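Participant: In order, the protein sequences belong to chains A and B. The first sequence begins at 0 in numbering that gives the first Met the number 0 and counts up one residue at a time. The second sequence begins at 0 in numbering that gives the first Met the number 0 and counts up one residue at a time.
Be careful, since some hints might not be right.
Note that identical chains are pooled: a pair holds if it fits in a single copy or bridges any two copies.
[As the list claims (entries may be wrong)] Once the Cα atoms are required to be at most 25 Å apart in a straight line, the calculated SDA-like pairs of lysine to any residue come out as: (1) K187 - A130; (2) K188 - T136; (3) K68 - N238; (4) K48 - D67; (5) K33 - N154; (6) K180 - D246.
No lab work stands behind these hints, which were simulated from the structure alone. None of the values given here were measured: they were computed from a predicted structure.
There are 2 protein chains.
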Amino acid sequence: MANKPGLTVVKIGGNVIDDEAALKAFTVDFAAIKGYKILVHGGGKIATKTAEGLGITAVFHEGRRITDKPMLDVAVMTYAGGINKNITAKLQALGNNAMGFTGADGNLILSEKRQNAAVDFGFVGDVVAVADELLKTLLLQNIVPVFCAITHDGNGQLLNTNADTIAAELAVACSAHFDVKLLYCFEKKGVLTDVENEDSVIKNLTFETYRELRAQGTIHSGMLPKLENCFNALNRGVNAIGIGSPDMIQGKSVYTLITP
Amino acid sequence: MANKPGLTVVKIGGNVIDDEAALKAFTVDFAAIKGYKILVHGGGKIATKTAEGLGITAVFHEGRRITDKPMLDVAVMTYAGGINKNITAKLQALGNNAMGFTGADGNLILSEKRQNAAVDFGFVGDVVAVADELLKTLLLQNIVPVFCAITHDGNGQLLNTNADTIAAELAVACSAHFDVKLLYCFEKKGVLTDVENEDSVIKNLTFETYRELRAQGTIHSGMLPKLENCFNALNRGVNAIGIGSPDMIQGKSVYTLITP
């Protein structure tokens, strides 16, 4: 079988989006990635700020946010409108033929409203299917897809969806056609053995070493579900996953490389 | 030369977008259009309402609106986010593989900031180029492009652009590959000989008859620039233009058909 072409899927969160200088530096690094690529971005403070400005109050259930109709409207406006289109325009200026998407566009990401007998989390969707053939066609035309964290249920309803999950599902679906590397950019330099020490980045993590470090208690709390999701994506076809600061994209900082 | 395939470009304005029942009826009619098609939508009251909610005051110069930075941000959020993605999701539910765009997406519509020595109208763009080859590729994959009235300058700046102009420029650019019919939906049934009488629709208008009616004073004021733009689009390759209510799309009402 011939080698598949490479594809880099990059996810950035609010810490990059909310910081104008960081976003500018990121877009320059992202634009310089060679080969096929996809960007997935989370929200940021603009959604909260816009909701506050419009007098919309966030609703919580036992500490978890409920996406009611007014909050969904704000998420769609700010994620799919404000943030997504500004990033798209910036990447165009840097020579990338970026195209901004929600899951509704081209039915690229179909989701279903999360069901929970006890709590209605509102307009939150879990990914059901990715239109990988259309995505492949777009990528092969050198389109650079830029996804925000909004999907749809196929019945006309937009749904708020976790950006980390979207990045993982896109990476998995595209692994049918590409050798996929998934990069999660976050506020730390990588998976740390000591959360107080940014220099304690674990540079290479396989499922073997992960199991050992977990058993030793070196990796714990918040990183566990993140890493479980990473190994799940690797099991489903993704080649490698990087976790680190946005500087990892062009190799300007160490990061954690996760392989099967 | 082989016949070109047909393409219908439909433009709707705020009167359809602001009326939930009208928008629903429109999407059903639009979804039922056979063959290749493009939708262009204007704004609507949601932009004004959102701006008011956020305490952003509209700035005017001699009665003309200035698109300053805060107002552009609201336009991008509401047009490219709220309105565009909701219409896209509705069309998906009706079996159309809709994809929502600004001009920045895929560099589909490049514009330049309007220059005026006397007045700075702010972030307003005039169309410079349409990426007709990419648009054709998308259409031939049965994608249904849905455009809002936001474009970009290629240097990272989004710009507010007249939706009627976007529809005309898309129609003209696509006439290189398609037989294009352009439908302008507005609040009247068509071009009227008596503005007080909705039954006075001129069913067929050519440049010949238009010149006569204009000389007689039958067509005047607001319709003149609209019709001049129509004949301009016909001169540049568009096959036919319809002006009327959204009911014209499925032939449920009379309308004005304009031909060269």
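Participant: Which hints from the list above does the structure break, by number from lowest to highest?
Facilitator: 1, 2 and 3
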